[in-house]
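J.: In case you want the letters, here they are:
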Amino acid sequence: KAGVTQTPRYLIKTRGQQVTLSCSPISGHRSVSWYQQTPGQGLQFLFEYFSETQRNKGNFPGRFSGRQFSNSRSEMNVSTLELGDSALYLCASSLLQERRNTGELFFGEGSRLTVL
Amino acid sequence: KNQVEQSPQSLIILEGKNCTLQCNYTVSPFSNLRWYKQDTGRGPVSLTIMTFSENTKSNGRYTATLDADTKQSSLHITASQLSDSASYICVVSLTNQAGTALIFGKGTTLSVSS
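Protein chains in written order, with the working numbering: chain A, 1 to 116; chain B, 1 to 114.
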C-alpha cells in the first residue's frame with residue numbers, strides 16, 4: 001500500500017512569489033491535514049480537510065490556503081512568500097470517524113521550502 | 001490554554017542504555033495522546049496511541065505510559081540503538097463540538113552514540 005506522497009520534496013523561492021504544494025493521501029483515507037515544521041516552533045497545524053471541506057484551521061495568515069479534490073488529493077498554497085515561511089511542510093492522511101479522530105496520522109516525507 | 005510540554009529538549013545517551021522522555025499536557029477535553037518518531041529529513045511515524053483509559057502501551061523497545069490524572073505521559077526506550085537517534089514528538093488530541101484539534105509538543109531530540 002503506497003504511503004502519503006508529497007511533491008515537490010525540495011523547492012527554492014524568492015520573497016513575494018507564491019508556491020503550491022501537493023499531497024496524495026493513502027488510498028481510502030479521506031482526511032488530509034497540513035503542518036508547518038520549523039526548528040524553533042516545532043510542528044504547527046495549518047488546516048485539515050475531509051471530503052473536500054475544510055474542517056479545522058490553524059492560526060496562520062490568509063496567505064496560507066488549501067483545498068481538497070474529490071479524489072482526496074490536497075494542495076496547499078502560500079502567496080506572497082516571506083523569509084519566515086521557510087520550513088518543512090508536512091501532509092498527513094488518516095481515517096476519520098466522524099467527529100472523533102481516533103485514527104492514526106500517516107505523514108508524508110514533507111516538502112522543504114526555502115525562501116530567499 | 002491547551003499546551004503540550006516535552007522534556008528534556010535534547011538528550012544524549014550511549015548505545016545500549018535506557019532513557020525516558022517526558023510529556024506534560026494541559027489539554028481539555030482530552031481525546032488521545034500519541035508519540036511519534038521523526039528521523040532527520042523524514043516525516044513523523046507513529047509509535048503509540050493511547051486513549052483516556054489506557055495506562056501503558058508498548059511497541060517493541062518503546063513503552064509509553066499515560067497518567068490522565070496528572071496529565072503526564074512518558075516514553076521509555078529500552079536498550080537504545082543508534083537508529084533511535086531522532087526527534088520524539090508528543091501529540092495530544094482534543095475533540096469538542098467544533099471538531100478535533102491536535103496539540104503538538106516541540107519534541108525531544110535524542111542522540112544515541114556508540
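Calculated from the structure, these hints are not laboratory results.
For each residue, glycine too, the CB sits at the ideal point set by N, CA and C.
Heads up, a few of these hints could be off.
Unchecked claim - Partial list, derived from the structure: chain B residues whose beta carbon lies under 7 Å from chain A:
hint	residue
1	K17
2	R42
3	P44
4	S46
5	M50
6	G107
Stated by the list, open to error - Quick list of in silico lysine to aspartate or glutamate cross-link-like pairs, EDC-like style, CA-CA up to 20 Å:
hint	chain 1	residue 1	chain 2	residue 2
7	B	K106	B	D39
8	B	K57	A	E104
9	B	K106	A	E109
10	B	K1	B	D69
11	A	K13	A	E82
J.: Are the hints correct? Go through all of them and say.
T.: Each hint tested on the structure:
no., hint, in the structure
1, K17, "26 Å, violated"
2, R42, "6 Å, holds"
3, P44, "5 Å, holds"
4, S46, "5 Å, holds"
5, M50, "11 Å, violated"
6, G107, "6 Å, holds"
7, K106/B to D39/B, "14 Å, holds"
8, K57/B to E104/A, "15 Å, holds"
9, K106/B to E109/A, "18 Å, holds"
10, K1/B to D69/B, "18 Å, holds"
11, K13/A to E82/A, "10 Å, holds"
Hints 1, 5 from the earlier list are contradicted by this structure; the remaining hints agree with it.
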